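**Student:** Protein chains in written order, with my numbering: chain A, -6 to 167; chain B, 1350 to 1872.
Honestly, I wouldn't trust all of these hints.
Quick list of the computed label-pair ranges, beta carbon to beta carbon [claimed, not checked]:
1) A:Ser120 x B:Arg1717: 15 to 23 angstroms
2) A:Gln125 x B:Asn1499: 52 to 60 angstroms
3) A:Asp59 x B:Asp1637: 30 to 38 angstroms
Think of the hints as simulated: they come from the structure by calculation, not from any bench.
Remember, predicted model here, so these are calculated numbers, not experimental data.
For glycine and all other residues, C-beta sits at the position ideal for the given N, C-alpha and C.
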Amino acid sequence: MTLQPAIRGLTRRQLLSRASAAGASLVVGAGFVAAPDAAWAYETSHIAPETFATLVRMARDIYPHDRIPDTHYVIAVKGYDSAESAPGIAEGIAALDAAAQARGFASYLDTGWERDRVDILRSIEDSAFFQQVRGGLVTGLYNQKAVWPIFGYEGESYSRGGYIERGFNDIDWL
Amino acid sequence: MAASFELTDDSVVVIIGTGAGGGVLANELAQKGVRVVALEAGGRYLPEDYVNDEWESFGQLAWLDPRTTSGDWRVAKDFSGLPAWIVKAVGGTTTHWAGASLRFQDHEWKALTTYGAVEGANLLDWPIDAAEMDPWYDLAEKKLGVTRTNGIAGLPGNNNYLLFERGAKALGYTQVHTGRMAINSAEYDGRSFCHQTGFCFQGCKWGAKWSAAYTDIPRGEATGNLEVRERAHAARILHDDAGKVTGVEYFDRDGNLQFQRARIVCVAGNSFESPRLLLNSASAMFPDGLANSSGQVGRNYMRHMTGSVYATFDKPVRMWRGTTMAGIISDEARHDPGRGFVGGYEMETLALGIPFMAAFLDPGAWGREFTTALDAYEYMAGMWLVGEDMPQDTNRVTLNADVKDQWGLPVANVHFDDHPNDIAMRNHAYRQGRAVYEAVGATRTFPTPPYPSTHNLGTNRMSERPGDGVVNRWGQSHDIPNLFVSDGSQFTTGAAENPTLTIVALAIRQADHIAREMAAQTL
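One chain only, chain B, in its complex shape (with noise of 0.2 angstroms):
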């Protein structure tokens, strides 16, 4: 029976955002007998509600709300308003993820000592390492129920990935298979197991892959420790004058401002949401905004080098149908400067429906050269290729006091430029994108400039020295020790993985440890 707390109840934990970050850390709170609101800005939708038809389910998950750009990159160009592809609903962007589950390398959790100082990157190691997450991402991957873990088979390969895999094996490259997926490959935890129906960004109306909407979430609620309140858009966190946070103000269904009181608020509204938030708290006493003495706020915002490869051949490939994301090479994602950047990069398979394909393919083209593309759909494969980019000063949320939204509150700006990294490492990854499709005969690729952003990381960044970052190896505020953030904001680096299953990691672990401190009242 879900729990309904009083507004006045400071006693609860107040999580504001309800995905990877916010979902799993309310319902490992609530387990362990830790009561908790979580503030979800999105309404609820289940797999029922999943719609097989790429624009119609935009129209329903997408975060649609007004964002600004600024910056070098192509998305600022071709999708000025949207900078991010990602979820407003319950459970959050594990609606819209394509479910792979990869934990970081050893040595990117030291990126910096690693890789060295680079010209223009704000390099720093995590605080953390390897030897202390594994137990976390031990748990992470049960809970997930990932694939080639925990003797859980891998799934099937598709036509999309049948096809990568061959051209691979022709480069000569061995770490191919079809990735450690959130995609059940037979019955898990009373989920589905996946039936290939493709459509995976849409929300798998077979449960098959995780999400928090129907996982985290209710078992939270089953507790009676865990509300989650809806359409509820958190506006602004207030402090007391000692400097604790006392709450979150926040516009309810109907657009009435309400202040629910808390002992503990985490922040976990994404990369974008959560510096918004922070800085859109500034009081008298945080004029930069709350837990902004170090001016790290908003900064360092990473998205992943991204980009795709897409091929043509002279037979049908049909690579819509099945899983999303259907197999992996690793080969590339080993660190090795003899290639002309640091760190890595995975190269996954991927598919798009003829309305996205259309949308992304390369944007703003037009006439035969993009037609007869389009013409060829049924014979194209695809990639996306993703990798990890440098954190830079200057890559940074800030506050557009000139764009408001719906609740009259200052929009998040988005400001991005490549670093020479990045673009080092993207033209290597179109390179072998390519000849992985020649080798099996490709008649045509096409270099896909990157999507708006899936994997927003940083801008809340965790670090050992106070005025390095924003958080600490708890993801708790350095400045407010009642302020945690909870979601892929406070990634230090972004190593090349997909981030999910290390965000997932870091709530259960965070959980852990906020439940520990709350029950030696030293929060």
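Okay, chain A solo, but in the shape it has when bound (with noise of 0.2 angstroms):
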């Protein structure tokens, strides 16, 4: 696990002071991606960070679930910031922008409302690129378990003696 409370060596304040906004949520600077209030950062070792603010940004419209926070996201991506994945990542990101820009916007990330980011996707949603993002995170996001509770789902039962007395007929509404 990469992410951290804030970049080794650096104060929060510090890291503020030297990251560059993209977009609306995250925040990018040199080598890293965080959060607007730097709840947390992730250190890219691969790929550029704008790159994997986009690819978070990507991640989040594909499944967008609101009450689900970006670090859930950064975790499902994260995967591809190795040395084998990068440059595909890279080159999907720039065929995004692309279509983006086409759409006269400057880039994925300079669009305002989802809608717009929709379409872009909808238009690269037959390519390789946006299979393997889309088909990763639907075991990348939702196999996590720590947003199980955000769904209310509730895991794992057996130790805790499954639900004979727990509810598994405590339906009150019918």
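Using the hints, put the two standalone chains together into the complex.
**Tutor:** Here's what the structure looks like:
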């Protein structure tokens, strides 16, 4: 896990002062991507921070859950931050930005409304890149145990004796 | 004490596969004093090993060896390398099954006679019927401890069921209850009662659901007549110049090719692996594969008409709590061509956890139409639709010479096109499923496409005439007297019901036949 409260050796104030804003939701600095409030930061090792921030935004636009914070989307895609995957991601994000530019935006992150980004994604949804990212998210996002409570899902139950005394038939509104 | 037999011992019965067919057959033969070597491709996992985690369990238990797909079924697009969701382990898919234990309806043994010829379908009557199967079903229900048989109480209904039942009754359905389940409502046969844990598909950690892994297999081993060889992957069945099978070549756990001699070979590797093995066993004498003079090996693959309906409500349901398949509506299981199709279907509650719901609700979908459904997960109910599909000559398992498994053997290609009858039935079932939930105030419904198949049937079908199928009324191949098929691949037609109880009943009956013929020296 490379997510950390702040980049090693930098205070939160220093981190924010050195970072430049990219898009609405993430702060991109030299070699890292951070939450606007610096609640977390991810230090990229192979993917350019701007590219990674776009990838995270793309992940959220594919499977938007407004109650799931960015950290979980970062966790879902950080596996691509490897020497092997980075070139393909860079190429895919470049194509995504090109599709945005064809619609008059400076970049994918330059868009305002989600619907504009969805239109851009629809235009590339048959590409191998889109399908790789989407397919990876199905397990990368939804198999994170930390997101299950956001959906109300309770996960493992054997160790608690199942639900026989914990509400298996507690529906009260029928 | 589990037995250990020599590779050169040609007095043993070799069974390939240890699931509902092979596992039960192995125990039943061992109980009668017949010596058995069971070859199981997977490892041994018991309740203490099972995990309440969908993907982790899938990695532990599922058959993940390569397979390929073709045809117009959506599984070929969404899960092209995974046509089936079945288990590779001692006990086979009895680890994963939901536990629904239904007898065929009488007319379903006579599909051709009852439905008449259906264009594009390859219907046939079974060579056996309800009266003949009755006593074997009795034995199977006792073995499995099926609820609502033999004075065993039904299971209590969970939230998913209570809502489903309310909707069913509002629609006027009358055959609605918590099912005939091989899940203990009270302690039975030394196994615990159901603790409403959920995760029935991941292996029951209480042992409340019947599985051959911890019932028939250890009991067979305890006789001293059964040796289960784990991680032994059957490669080829060999035969002599007289055309009788002589044993099975298999890869052992270390990848070494071994040859186990046999007096009789019984194939029970499921509807993909069983025909694949027969086809991979082609020889100069049997160039089209063993037991295949009819050309029927691999054909008439059936997977049941399936689909699901999920629905969201404005109040919580928490469908994942408790038995996964917690109840049934059987009103639509009848044959009533007035609905626009032959045969019928069952509606059975079903729940998936968030990880599998994300994978299966609408494979490939993205965006808010999809994610708002998952956001309402806690408010969601679900049912599975399962009905009789049409056997078709062209729905078949063939060898894919271009793709090899880890042993260098050609893999199975599974080709499936929906028959118009399957599509008409699915659309009817979607409408009725939606109506059940709308009757209790559903705010949105989801007609969910079929999952990778768990009910894999046909491909070595049973027939009266040798030209129409692969095996006779005993599951004995028409061509080779000491070669049997003992799994769901021998199904002539699929009926509407979940198949395990019938596979078990056929295995008990086949064991009785084989033991009798062996004693009479006719086998």
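**Student:** Could you tell me whether the CB distance from Ser120 of chain A to Arg1717 of chain B stays inside 15 to 23 angstroms?
**Tutor:** Roughly 21 angstroms apart at Cβ, these two residues keep to the hinted range, so it holds.
**Student:** Does the beta carbon distance between Asp59 of chain A and Asp1637 of chain B stay inside 30 to 38 angstroms, or does it fall outside?
**Tutor:** 59 angstroms, violated
**Student:** Against the range 52 to 60 angstroms, how does the distance between the Cβ atoms of Gln125 of chain A and Asn1499 of chain B compare: consistent or not?
**Tutor:** 53 angstroms, holds
Hint 3 from the earlier list is the only one contradicted by this structure; the remaining hints agree with it.
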